[in-house]
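Asks: Here are the chains, one letter per residue:
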Amino acid sequence: EAGVAQSPRYKIIEKRQSVAFWCNPISGHATLYWYQQILGQGPKLLIQFQNNGVVDDSQLPKDRFSAERLKGVDSTLKIQPAKLEDSAVYLCASSQNRDLTYEQYFGPGTRLTVT
Amino acid sequence: SQQGEEDPQALSIQEGENATMNCSYKTSINNLQWYRQNSGRGLVHLILIRSNEREKHSGRLRVTLDTSKKSSSLLITASRAADTASYFCATDLQGGSEKLVFGKGTKLTVNP
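Here the protein sequences come in this chain order: X and Z. Per the numbering used here, the very first residue in the first sequence carries number 1; after that it's consecutive. Per the numbering used here, the very first residue in the second sequence carries number 1; after that it's consecutive.
None of these hints come from the bench; they were simulated from the model. Every value quoted in this text rests on a predicted model; they were computed, and no experiment measured them. For glycine and all other residues, C-beta sits at the position ideal for the given N, C-alpha and C. Warning: the hint list may mix true and false statements.
Result set (BS3-like, lysine-lysine): computed pairs, CA atoms no more than 30 Å apart in a straight line [claimed, not checked]:
1. Z:107 / Z:56
2. Z:104 / X:15
3. X:15 / X:83
4. Z:56 / X:83
According to the in silico footprint, chain Z covers these stretches of chain X (three or more CB under 8 Å from chain Z) [as the list claims (entries may be wrong)]:
5. 18 to 26
6. 64 to 76
7. 79 to 87
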């Protein structure tokens, strides 16, 4: 079974530039998550999709971050404009459904450096 | 905000020794999960323990949960160099939104 795919793996941008990350979840997984992991901390949920609808985006900085999951499969996360404090690893995860007893499968992440 | 807090922040042991990591949390939970993260394989789910369970085993892993103390421990027996990683506890809050809240993690180094 193929895992969660993410691209790019690394990205370096200057502040005020924009960036986009892509995630392809495990086939058949209805729930998709985007997490932000700052160095030395645990992942923090940014947004959760159930199929192509948003379940929770309470911790997404909506003035600069946006995400979509068209057709309930792939997802993109965008930052525009980026700030220095956005430097982090952005993790995508998927699960069979939103019940938290179901295991979340994580992708390798995208390491973003904002200079 | 972080719900769980792991202790210690870092742990260094010799291969073959046991490693114990602790997690404390603040509010009542439905379930508690442990994840491992290393540079090679990303974040991987290890084990889930429900709030009505006290102990759970999976291979060399043993997890305990004490809801009265709001704490959990992860024991790795007979550690191997490949166990070198960061370990995170994650909780989902009783009556809260449907999301996992991760702690800051314990960085485990197993020396060969």
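Asks: Each of the hints needs a verdict: does it hold here or not?
Replies: How the hints compare with the structure:
A hinted pair counts as satisfied when its Cα atoms are at most 30 Å apart, and residue 107 of chain Z with residue 56 of chain Z qualifies at roughly 22 Å. Proposed proximity of residue 104 of chain Z and residue 15 of chain X is supported: the alpha carbons are some 26 Å apart, at most 30 Å. Note on residue 15 of chain X and residue 83 of chain X: the hinted pairing holds, with a Cα-Cα distance of about 5 Å set against a maximum of 30 Å. With a C-alpha separation of about 43 Å, the suggested pair residue 56 of chain Z and residue 83 of chain X falls outside the 30 Å cut-off, and the hint is violated.
Three residues within the 8 Å Cβ limit are the bar, and the segment 18 to 26 of chain X against chain Z gives 0, so the coverage statement is violated. A stretch counts as covered by a chain when three or more of its residues have a beta carbon under 8 Å from one of that chain; for the segment 64 to 76 of chain X and chain Z the count is 0, and the coverage is violated. Interface restraint, the segment 79 to 87 of chain X with chain Z: violated (0 residues with C-beta to C-beta distance below 8 Å; minimum three).
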